[in-house]
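Protein chains in written order, with the numbering used here: chain Y, 1 to 338; chain H, 1 to 338.
Bear in mind the hints are in silico, worked out from the structure with no lab data behind them. Any given hint could turn out to be false.
The list treats identical chains as interchangeable, and a pair is accepted whether it falls inside one copy or across any two copies.
[As the list claims (entries may be wrong)] SDA-like cross-link-like pairs, simulated, lysine to any residue; straight-line CA separation at most 20 Å:
#1 Lys180 / Trp281
#2 Lys139 / Pro308
#3 Lys180 / Arg11
#4 Lys18 / Ile316
#5 Lys139 / Gln253
#6 Lys18 / Glu298
Protein chains: 2
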Amino acid sequence: MAELRLDPVQRRWVITGKRPSLPAALESGVECPFCPGNERFTPPSVYERKGKDGQWEVRVFPDRAPLFRIEGELDRAGEGMFDRMNAVGAHEILVATRRHGVTLAQLSVEEITEIVQVYRDRILDLKRDHRFRYVCLFKVQGRSGPPTQEHSYSQILATPVVPSLVEAEFRWSQFHFRRKERCVFCDIIQQERESARRVVDEAGGFISLCPYAARFPYELWILPIDHASSFEQDLAAEGRAASLAEILKTSLQRIERLSLRLRMVIHSEPNMDAKRPSEDWWSTIREDYHWHIEIVPELEPDLNDFGPEGFYFNPIPAEEAAVVLRALEPAAADPSQE
Amino acid sequence: MAELRLDPVQRRWVITGKRPSLPAALESGVECPFCPGNERFTPPSVYERKGKDGQWEVRVFPDRAPLFRIEGELDRAGEGMFDRMNAVGAHEILVATRRHGVTLAQLSVEEITEIVQVYRDRILDLKRDHRFRYVCLFKVQGRSGPPTQEHSYSQILATPVVPSLVEAEFRWSQFHFRRKERCVFCDIIQQERESARRVVDEAGGFISLCPYAARFPYELWILPIDHASSFEQDLAAEGRAASLAEILKTSLQRIERLSLRLRMVIHSEPNMDAKRPSEDWWSTIREDYHWHIEIVPELEPDLNDFGPEGFYFNPIPAEEAAVVLRALEPAAADPSQE
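Only chain Y is shown next, with the shape it has when bound in the complex (with noise of 0.2 Å):
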């Protein structure tokens, strides 16, 4: 079985040891495993949104390939000086629609909410298992063919400690807030609300923008404008999914002008219930941290050389960024509203 292993200088976690190979049951050539009619080439479904008339509209089921696996102890030990422990947690893909080949940009805001508030029920259900810290929902675009010949889908990770990078952002949202009793993410929003430079969108409560510090061209972040650390909670308000969805919408549009390529991730507050180390920053983490979705497009491969050190190179300043994604008028590449 795969392990998690600390890296006591850097601390950050690395997944070590063999993935586990596809089970031949679903080894096939079979051409899409995720169009309806082929569910036997994938696992069984753990959760499925039914449409009116019976069928899945939205269906979530285990990885073929875990990383993570949910059955077995953590076995938290020390090897020496060293820290190790299980794999255990859960990889699944979720498969937003029955349509082959349409981007999550090209559905319906009706269907964006629904995957919206799938989102969600799986990160609350995932939450309920106290072996988890985090649960981590992405999507990765266009990365294995032709995107619009894809099936769009998303994975979540349920993991037993919390990724390296969300953890740096509870650690200095919680520096910020120390010294200011503010959360630096609200204070971000107010002041990038009042010089208008690098916002791109503003509707129903939520904000789009290209981040002063942007490690990529066109990166864009999208932020509920009221204080809110955790997304399952604060989408638990009437209309709220579907207001998140319409502004999701906006921002995939105006980002599949550059490239159907993409990357998009929520980071959220870790799982409250978990057992938890007994690191400060976990205690106070409603009031410092706010719960976003990053989205960055995969233009041209990077050319700094420099990038694993940790420091990154963005040729368009996000202010910059911000004009060409106003000017690119989303409507024009949804083949939905044809």
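Position chain H against the provided structure of chain Y, taking the given hints into account.
Showing chain H alone in chain Y's frame:
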């Protein structure tokens, strides 16, 4: 001019703005601007190490389209709540040999010793400029075409901030030191020498090992066995550069049996003479930190979609990688021995 921006949430720097384009005089159809006789296609040397015949053997000059530039003031400033400064720094290219199409591993130990001494000379020289907080020396081999047809070079970056990866190492090394009053790297070396499972080579006061939580298959670190925080101070001792050259050659030869594409970086203490932030990790760094070299072969494209969240997947545990690397006979790949 490009500028450095700090992300207030993730606390990492990004260089943003246009990279200067190649000066017209240097744009040419010349096959290899790094070959002897083509010096007019690169900026003038800032450093040359000459052979007995008076010709340069190792040559250093500013990058033709540098990420940082040496002239000007930093002009640290706030932009509301954000932080920025000019991208003042140095970006140099070090051509390692007159011979085209020979990798660093294929040079003789004597030649590599000379190169290591040039590394040291450049770091010492750049650290005399107190605007620069860190000097990063790294090498990307084989990314832009067939590596055996490439001309071997390294890059040197002197930056007014500390790159986030080494900054994280400084912080967590101190975290360990505070509890144990021992250097975390010294502890790693002691434990790894005792078990020997992840050790690859040991010679001349240096050790090479696959780190316990390696991010990438066959990742290999070279460390001085006795505590030393500074590359350039450690290498001042008589015969020390030759000892490093020896294990560096062996290590690179082993890695090249797996891949001619690789990355290599030296991690060392920051510029202790630079104007420095008040952060307390800076004050004890000479006891906490331990310089080392990290080498990573670039094998298959990384199939871990979760990588951008700081979560690595490495299918080959470090102790298995060490078995493979130890078994790879380095001399076989070495034409200079023929």
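Checklist entry - Which hint numbers does the structure go against, in order from smallest to largest? => result none
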